[in-house]
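Visitor: Now for the letters of each chain:
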Amino acid sequence: MDNVILRTTLSLTWKLLAAYSLYILLRGHNEPGGGFIGGLLLALGIILRGYIANSNTTEDKLRDGYTAGLGLSGVVFLCLIVLPVVVGHEVLKGLWTSVWIPIAGKFSSVLIFDTLVYLIVATSALYAHSALYTPGHRGQP
Amino acid sequence: METIFWSVAAALASVVTLRGRAFRLAPYLVAGFLLWLSVSLIVTAPASVTHPQTFSWAWSNTFGAALDFRLDGLSRVLVILIGFIGSGVFCYSASYMRPVPGLQGFYTTLTLFTAAMIGLVLADNLIAFFLFWESTSVCSFLLVGTNHQSASTRESARKALFLTVGGGLMLLIGFLMISAHGQSTGLSLSDSLRFSMIGRSIVDSPSFPVIVFCMAVGIATKSAQVPFHIWLPAAMAGPTPVSSFLHSATMVKAGVFLLARLTPSLGGNELWNTSFTIMGSITMVTGAILASAQRDIKKILAYSTIAVLGTLVMLLGIGTDIAIKAAIVYLVAHALYKASLFQIVGNIDYATGSRDIKTLGSLARMLPLTATAAVLSALSKAGAPPLFGFFGKELAYLAKIQLGTVGILLLFMAFLTNVLLVGLALSICYRPFWSKNTITGELNAVPLPMSLVPLVLSVAGLFIGLFPAFFDQYLGTQMASAIAGQDLTMKLKLWHGINFESLVVIALSAATLAIGVLAAVKVKPIISFTSAKLSSVQHCGPNNIYERVISGIPRWASSIVSKLQNGNLKHYITWTLAGTLALLSLPLFHTVDGIRPTLRLDWIEAALFVAISLPVIAALIVSNEFSKLILLGASGFGVVLAFAAFAAPDLALTQLLVEALVLVFVLALFRVVPGVEEKRPGRSTPTAIALGLSLAFGALLLANVPELPNASKIYFLEHSYLEAFGKNVVNVILVDFRALDTFGEAVVVAIAALGCGSLLLANERTS
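In order, the protein sequence lines correspond to chains A and B. The first sequence begins at 1 in our numbering and counts up by one. The second sequence begins at 1 in our numbering and counts up by one.
Just chain A, with the same shape it has in the complex (with noise of 0.2 Å):
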């Protein structure tokens, strides 16, 4: 990447859409945004970031640890599923707190469902799109 415009730019972009996409997963719950368009937000700016600064280091851990993560989350999602029934609600019932989040309002376990939508929705796209990535091995029609 030789653009020197393009550079500057991108290298605050990212930054801004990282935070921007932390901010739309928060509010999801009563404006536009959430847990997908969120994930989707930040995986493009870690995805600019890999341009400007030509190595794909934080994909590249990302990939290695991509398996784990996913695996991690399921055993969160088995919790959310199964904790409500515990507490004496039916499946996937979302329970709320008195605990204010700025931006989210109340802390409930919905929001922990959305951050895991998050989560998995950036690390995949990240993923793959590192897979595409990968140097040399490719290229044999």
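There may be inaccurate statements among the hints.
To be verified - If you want the ones that stay clear, here's a sample from chain B, every Cβ over 12 Å from chain A, calculated:
#	residue
1	S60
2	G105
3	S207
4	V212
5	G268
6	S354
7	N444
8	Q473
9	G497
10	I550
11	G726
12	V730
Unchecked claim - Quick look at which bits of chain A chain B covers, simulated, 3 or more residues with Cβ under 8 Å:
#	region
13	8-22
14	29-39
15	43-52
16	59-72
17	89-102
The set of hints was computed from the structure by calculation and includes no laboratory data. Even glycine gets a Cβ: it sits at the ideal position worked out from N, Cα and C.
Given the coordinates of chain A, work out where chain B should sit on it, guided by the hints.
Guide: Leaving out everything else, chain B in the frame of chain A:
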């Protein structure tokens, strides 16, 4: 009810938590808990059974998948039976199973099976029943495959799994249809899924024949009815405790149990009665004939189990009061004597290493207890008075006599079956123990518990036979009433007094026993004769068909795959589009009549139309790949605008980001794919036209839909803030009301990424 939960939980806990040397206690602990369970159920007053105890845990009302249990006369007897025989089997396995590394897994699976089986007979919810049903199939698969080093064992385990689980799926279809009917008569989702709520009106519904068919397939696969019986003899590859517990006493009875469970609601009509009578009677005769062609005692027992299962299905199919009583006696008696007989064969095998009825002999001196048990069990199987099996045969003959003309045919079939079974039973208890054959080679000493357990089981059969009033009062009457759906008093008698029917029955019984003794004397030539006859027709039997289907699947699959996935991308697209078109065309033909296209575009819609379609048309014209890509992106942004214009900001945002990411991904592809050809020869014009047409029709169809269903929209708008505390309805639907769907989508996204990685990173990993 609590007793059942706690003892099953304690059994599971002891088998899972004990380690090392302490683990040797686990089977005895489990046996103790199971025995406690069945004894405590026997001593609870039968009066409590006329009002069934229920337990309900509605953990998911939305899906109707409540955990409902119902302890009535039918399930009570079966739980007692499972507990009693189960405790015997666990004691037996403690000596029988050699201490190998996988032993804890074996006991855990066996205990899980017991839990699933108890859950199955208690379940009142159809979905819960289905889950327990399939769990028993999976446990059976694992237990048959205990000795999984041998290829033939794996084959047998797989056969058992395929057939029983496949039948279970048919059952699920039937259950869903029952539920749909229930809902159409005004039941709630969770009520429509209850056994106890199935209404008689279902018999008149047009889907009833299909329901009966689904139930019949499920019952036939689980309870080894012809032509699905082939898995049961193969399942004998499992160790003795498994055969004695799962494949004679409990799991194979699950189908019969379901039949009994459904009799009050679905039974009592011609279709139901005829189909199960025919299925059962054919199975009965086939099982008996096949049993008389075996030399391996375990195989003889397996095939005679099939014959008895056929008898049970037939009796419940006949469905008269006497037939139901006969089925109950048969079921309990068979569970006791067959479990014991399998253990006896296990002992013989343990001592001599052989199960061949033609060569075994003179073992009575060495295995006195086993020989005693064998005599008692075999006599019960043969239906000799005063053992429990006698009552079953008497009642079964009586039920058929009362049927009239059809009864005569059934009577003949039953007579043939019984003669063969009596002959085999007598030779099983005589030949290995008293015949003149001598066993060469060293004999293993059989541990005492292994001889005691079958003895206890067979003595239980003798006890009930001597004191039938005990059975009548505490078990039989309640069970008969639960199956018949009305009060039915069980009264077993050795001597029915002098009248025409009872004289005929006694004559038949005596004739069966007499000819059976003759058959037992001539058992060697009978076995040689039938096996020779059968081997000539074997090639068209169901087992052969099964083998051919199973071995044909890989060939069939590879021929299809080579047609569909030949490496040519255009070919893939053609197939995908053809599939889409095929799926679309059916509903189109149905609705094409009522379409009145109305073309009223306001200026926003017209502008959007241009914004979306112009770039696409331009993309078709330009030849440069990058330009095409950019133009497609532009069309995508047109779609974004459309979403925004129709007040769907979430969709617009998502679409926007997806467009951006697609662009990034395709650019990345361009970087790595070495040079794209400028000119591609030959476009698939027919496909393009077909796709265009189908899209146009689809648009016409949608144009005619006045508005999306309002009820759901209003529901979500009203409830999203009140119940889920969210103002963004789309997001609330995603993460709260339809959280399960979103979870599924997250899984899909992850799997897609993993698939991408496994395709693209495969080289990296191998290098």
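Visitor: Please go over all the hints and tell whether each is borne out by the structure.
Guide: Hints and how they fare:
With a least CB separation of 4 Å from chain A, B:S60 falls inside the 12 Å interface cut-off, contrary to its annotation. No Cβ of chain A comes within 12 Å of the Cβ of B:G105; the nearest lies about 23 Å off, and the non-interface call holds. Annotated as non-interface, B:S207 keeps its C-beta farther than 12 Å from every C-beta of chain A; the closest such distance is 30 Å. No Cβ of chain A approaches the Cβ of B:V212 within 12 Å, the least distance being about 33 Å, so the stated non-interface status holds.
Annotated as non-interface, B:G268 keeps its C-beta farther than 12 Å from every C-beta of chain A; the closest such distance is 37 Å. Under the 12 Å C-beta cut-off, the non-interface status given to B:S354 relative to chain A holds; the minimum distance is some 50 Å. Every beta carbon of chain A lies more than 12 Å from that of B:N444, the smallest distance being close to 48 Å; the non-interface claim holds. For B:Q473, the shortest C-beta to C-beta distance to chain A comes to about 41 Å, beyond the 12 Å cut-off, and the non-interface label holds.
The non-interface label for B:G497 is consistent with chain A: the shortest C-beta to C-beta separation is roughly 59 Å, beyond 12 Å. With a minimum CB-CB distance of about 33 Å to chain A, B:I550 clears the 12 Å threshold, and the non-interface call stands. Not every CB of chain A lies more than 12 Å from the CB of B:G726, the least distance being 4 Å, so the non-interface label is violated. The Cβ of B:V730 sits about 8 Å from the closest Cβ of chain A, inside the 12 Å cut-off, so the non-interface label is violated.
Closer than 8 Å: that is the beta-carbon criterion, and the region 8-22 of chain A has 0 residues meeting it against chain B, so the requirement of 3 is violated. Three residues within the 8 Å Cβ limit are the bar, and the region 29-39 of chain A against chain B gives 9, so the coverage statement holds. Here's how the region 43-52 of chain A fares: 3 of its residues keep a CB closer than 8 Å to some CB of chain B, so the rule of at least three is met and the hint holds. With 4 residues carrying a beta carbon less than 8 Å from a beta carbon of chain B, the region 59-72 of chain A meets the three-residue requirement, and the given coverage holds.
Evaluation of the coverage hint for the region 89-102 of chain A: fulfilled, as 5 residues show C-beta separations to chain B shorter than 8 Å, against a requirement of three.
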